[in-house]
Amino acid sequence: MTRLLLLLLLAPVTLAGAYDRGELNELNDLYKNDRFEEALEGYNKIVAQEPANPWGWYNAGNALFRLNRTGPAVFHYARAFRLNPRDPNIRFNLEFALRQTGQALLPDGMPRALHYVYYLLSDMEIKAFAICLFWLACLAGAAGFLLDGAPSGAAASRTAVITAVMCLGCLGWLGARQNSPFAGAGVITKTGGARLLSGPGENFKACASAPEGLLVKVLDSIDDDYYEIGLPKEGVKGWALKTEVEKI
Amino acid sequence: MRAPGNGLKLALALALAGFAGPAAAALTISAETDRTSVEINENLYLTVQVAGDSSSVPEPKIPNMQNFNSYSSGRSQSISIINGKITTSVSFTYILSPRFLGIQKIPSISVFNGTEKAFTPEIEITVTRPSAAAAQNKAEGRIFLKAETDKKTAYPGEQVNLSVKFYTSVPLTSNPQYMQPPLKNLIPEDLPPIRSGETTLNGEHYAYSEIKTALFALSPGPAEIKPASVVVQVPSNETLDPFDPNFFQKFMSMSNAQGSSREFATEAVSLNIKPLPPGAPAGFSGAVGNYTVSATADRLEAKAGEPVNFSITVAGSGNLKAVTAPQLPDLQDFKVFDTMSSLDIRKDGDIIGGKKTFTYILVPRAAGRKTVPPITFHFFEPRAAQYRELQTAPLTINVKKGDLDSKNVYFSGGAAAPKVTASDIRYVSDEPRAGFIADSAEGIAALPLWPLTLPAGLMLATFWLSRFNRFKSANPLLFRFHRAKSQANSAVEKITALLKAGDTGAAVALLYDSFMYYLSDKCGVKVSALTMKKAAQLIKERFPAVTPRAMEEVRELWTALELRHFSPSAAEPEGVRNLLKKYSLLITLLEKELRRPRP
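Chains U and A supply the protein sequences, listed in that same order.
All residue numbers for the first sequence refer to our numbering, where the first residue is 23 and numbers rise by one.
All residue numbers for the second sequence refer to our numbering, where the first residue is 1474 and numbers rise by one.
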């Protein structure tokens, strides 16, 4: 029964992994031979097919970086980082690309170890973990109530309390992650940077400029053509064309 | 009689007086303008010429003009002496700015030298509206942006200063927004602050702001500074026409803060980046500029195994960000650990410079006087177009015997420690899948939320059940009271079946037991302890609202059932059926009576 449930859970994911290692090796060979444009095309297909695969984003980011398109590279690395923040290669390349654009992955004054813990799991993993803990807490709680008065009932109740606290901890963690620089964020991908206008239209005057590769907060995306974006560090906000900013 | 001499004197005096009259009339004044028609946003020149026969003439008195703003623009003087006669002519020039539309008059201007006074006639000037396009073009002509570099050719890494100057001779309604120029084959470094001032170009007075940027070329070949731009709000010169159908809308939207938004851009600037001359030394790593190098240690005495911070400082002018750590020679006496670098950039006199310090952690392997040999640093000096080589002074560290065991300090083989020479992104991944954990997490996180109600519902149900069981255990009499009716009804059905089957004895026994259990449950005492008297007493105590009729019915049924229960021969099917009907009615009656509130 358990196996069946696991198979059912993983079935959509297994079906999604539709490209094989041989195809990936061919793309990596193109990358190796400096044919970055062609490699990028293939990596983009993988990304379109499997948006939750961090390696597609990572490899595409590498190809873009080689093509001197730092802004899109930062965006792709940031996507990969959100999907697999534990991987040292993804972290390294994102940090490298951010440094190239005058930014840092590690906030000022934050110990590196704490940063690693904060990004130990991806948002999706934390959510899945919280769901599993919720199930466990409820089932253990039910067992505790059913076995009320028996020693095994007390053990089940303790398990329920511990898992419930862990579940709440996960939800708190997920909430704290909403304040991370990558939550609700975007990257300036336009070559040479983007103009920030004081309103969503060309008739508004330009109030600031944002360089390519800069991580920005996307404050509003209701408009068809413009994002309202904020630069928290500079205390500036404005409107930029959606074609010039990629939402992470 | 008067003497002839006196007559001559008189004649001479008269002659002089007659001559003096025309001489006094020599103080003249005239005024003229360079044009008689002017647009409201333009200026006109008024020239007032005062002439006299003395070496100095007085300044004319410009009357208070309501229709024009006037500014003095200078004077020019000419003196001529012809046949001993001095004639002085002074031209005073004024700039007049009209204030109102229509025909405006320049009032009469007077001059007074103490004895005589002269006046100019009034001058009429027609002040017209400016044409909108002309006004706009003029405004635009008075705003421009200019980009220039201090050199057109440079070596890779050599500083080129870009100056972008924004000139305006018209007031702006908001601060201009500067957009940096995109760069090709160049990296920028700001040179604050923004300089501003005033200047005169082609006779026009301009205010200007200058933004300077230092540029460093990346590689030989063409480099380009694409157009920089500035967005400004130019005051709108549109005038209000009272007959315009949108007059009120335009009037309400008029404000000094408003104007039309204009963008001004510079011309693109191309640079030629020359390749570095051949013959670069082996240790040259691309540093371009003019530098000095020095080496220091945080202490000159240490124990074996204790780390010593050894720093190499490269100071001078150039793009220090691109300067990489000098290569250390093979240090047999030390174990060399990671390099850290710190950068201190200065921009004095628009020259990028400062110092960059590379710090190595050296751990002496053994006691003794250990020397760090001179460190060589190569760079290219663009001004001299030559490669330079600098060396640090050797540094001797007195190493004492360490507290740690020497085995912990020595490193076998003497192989050189790995050194970081350059940094780059890591290679692409050949992982085709995200991984089991990520895949599972994606599957779980993708599930809809409604299945989460299942465990929650299960837990709530078990919680209710658990509370119910506890309550039931704590209140057994209450539960007996409530279930009495249902059990009695159940017994009635069974008795009916028994009667249909013809088993009258069993039916009577069951009817009797059911009645006794019903009363026992309602009174909260055991069946064995229940007597008719006690039952009546308990019912009255617990349910005072029960009517005497109900109590009488109870007594009657009890007596009849006892009779048939203990003498089965008296139990006839018809009689039992009647008792059963009576029992059913009694239960219905008691259920009502027992629930009746206390009087």
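Calculated from the structure, these hints are not laboratory results.
Here the structure is a predicted model, which is why all the values come from computation and not from measurement.
From the three backbone atoms N, C-alpha and C, an ideal C-beta is built for every residue, glycine too.
One or more of the hints may lead you astray.
To be verified - Listed next, the in silico SDA-like pairs over lysine to any residue satisfying Cα-Cα at most 20 Å (straight line):
1. U/K149 x A/W1923
2. A/K1794 x U/K67
3. A/K1699 x U/N90
4. A/K2065 x A/L2011
5. A/K1747 x A/P1855
6. A/K1958 x A/A1929
7. U/K239 x U/K67
8. U/K212 x A/K1820
9. A/K2054 x A/L1951
10. A/K1747 x A/G1694
11. U/K149 x A/L1925
12. A/K1624 x A/A1858
13. U/K227 x A/N1648
14. A/K1873 x A/I1834
15. A/K2013 x A/L2036
16. A/K1699 x U/H137
17. U/K212 x A/E2047
18. A/K1657 x U/K227
19. A/K1820 x A/T1830
20. U/K227 x A/V2019
21. U/K67 x A/D1903
22. U/K212 x A/A1929
23. U/K227 x A/F1617
24. A/K1873 x A/L1925
25. A/K1794 x U/R121
26. U/K149 x A/A1929
27. U/K259 x U/P173
28. A/K1685 x U/P73
29. U/K269 x U/K227
What the hints assert, rightly or not - Listing some non-contacts, in silico: residues in chain A with all C-beta distances to chain U over 10 Å:
30. E1505
31. R1508
32. E1512
33. K1699
34. K1820
35. P1847
36. R1899
37. Y1900
38. S1902
39. R1906
40. G1916
* **In rising order, the numbers of the hints this structure does not comply with** => 2, 6, 7, 8, 9, 15, 16, 17, 18, 20, 22, 24, 27, 28, 29, 33, 36, 37, 38, 39, 40
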